[in-house]
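> Residue 25 in the numbering used here sits at position 25 of the sequence shown, with consecutive numbering throughout.
What the hints contain is simulated information worked out from the structure, not anything from laboratory work. Yeah, the Cβ is synthetic: ideal placement off N, Cα and C, and Gly gets one too. Don't take each hint at face value.
[What the hints assert, rightly or not] Label pairs and their in silico Cβ distance ranges:
id	residue 1	residue 2	range
1	Y252	E12	28 to 38 Å
2	E271	Q109	46 to 56 Å
3	Q177	D238	32 to 42 Å
4	I8	I52	24 to 34 Å
5	T180	E24	44 to 54 Å
6	I199	P267	18 to 28 Å
7	S251	G55	26 to 36 Å
[What the hints assert, rightly or not] Computed list of lysine to any residue pairs in SDA-like fashion (alpha-carbon distance at most 25 Å, straight line):
id	residue 1	residue 2
8	K281	P237
9	K270	H204
10	K127	Y61
11	K265	S174
12	K64	Y19
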Amino acid sequence: MASASKNIFLSENSVVYSYLVNAETELAGGTNPIHLPSIDFDTIQATFGRKITSGIVADIYEVKDCSPARVYKVIPRHSFVNGDEIVITKIAGELNVAPTFYSAFLVKQKINYVVIEMDDAGKSLEKWTEILAENQKTHENTEKGRRFHEMVKKILSPYSNSATTENSRADKVSIGQAITMLYTNEETFYYELFYKIKILAEKHIAYVDAHIGNILHNHSTNNDLHLIDFDAADLTPDTPIAAEKSILGSSYNKAHFIRFKELSKSPASKELIQWFVFQIKKTRLNHEPTLT
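Turn these sequences into a full structure, and let the hints guide you.
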């Protein structure tokens with residue numbers, strides 16, 4: 001074991017730095033394990049706020065009383081299979097591709113957890129499809145609904161004292177609709193997405209999970225986006241391999257790339273697409289990749 005004071009996964013700006021700076025470290029991650037500072041949950045429990053959401057593997061909690069807002073990504077230790085997830089998360093944060101990274105550490109409880117502390121960079125595109133649908137429905141129906149309910153009350157009032165209720169559920173707008181409502185246009189969104197993926201590829205990182213739940217739209221920064229969830233990302237030997245895997249190694253990414261090609265009109269978009277095609281050709285012995 002070693003002291004966490006020299007641990008690259010603990011920033012002095014972390015809200016738990018004072019608790020972890022002298023903590024012992026333990027290895028975590030079955031593949032490419034890394035040393036993380038370890039601490040009992042009771043010691044840092046006060047820094048945990050409400051649970052924001054639950055995923056298939058990890059839960060997201062707010063970091064209590066932190067401004068600007070931060071979150072904890074909490075992963076059961078037995079589900080933390082590759083130490084590279086944290087290595088890539090840290091690098092991506094430094095490149096402004098992902099939320100800023102502050103710390104990663106082990107929490108000891110009955111079940112042990114790996115916790116990643118990072119900025120709260122906004123809601124996912126998937127969540128925005130729900131929010132925008134609700135906002136749209138509210139905007140369209142507020143006045144019309146008010147008049148309708150007043151009319152129904154007048155008709156029913158002689159016969160019943162029961163209240164009139166409305167059945168509703170959280171619908172979603174389409175991905176295309178959400179993109180158009182959040183960004184200048186669809187092309188702008190796809191350019192931002194693949195520009196960020198290119199930045200990672202240039203650092204030999206393949207990002208292969210551009211599911212809409214992993215794309216964060218920061219509503220306050222005018223067209224900016226961040227990527228999250230690097231458990232499926234890969235550290236590769238070089239840029240061409242990273243670029244190829246980023247496009248062809250995922251059905252999500254490939255579908256996004258095909259859509260980007262369909263929409264591309266600006267010189268910047270066309271140049272970015274050609275960059276990926278050129279990198280993929282390097283790994284395919286100059287054979288045109290299958291992107292349709």
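> State for each hint whether it applies.
The hints, checked one at a time:
no. : hint                    : verdict
1   : Y252 / E12: 28 to 38 Å  : holds, 36 Å
2   : E271 / Q109: 46 to 56 Å : holds, 50 Å
3   : Q177 / D238: 32 to 42 Å : holds, 38 Å
4   : I8 / I52: 24 to 34 Å    : holds, 27 Å
5   : T180 / E24: 44 to 54 Å  : holds, 51 Å
6   : I199 / P267: 18 to 28 Å : holds, 19 Å
7   : S251 / G55: 26 to 36 Å  : violated, 19 Å
8   : K281 / P237             : holds, 16 Å
9   : K270 / H204             : holds, 22 Å
10  : K127 / Y61              : holds, 16 Å
11  : K265 / S174             : holds, 22 Å
12  : K64 / Y19               : holds, 15 Å
Consistency note: the structure conflicts with earlier hint 7 alone.
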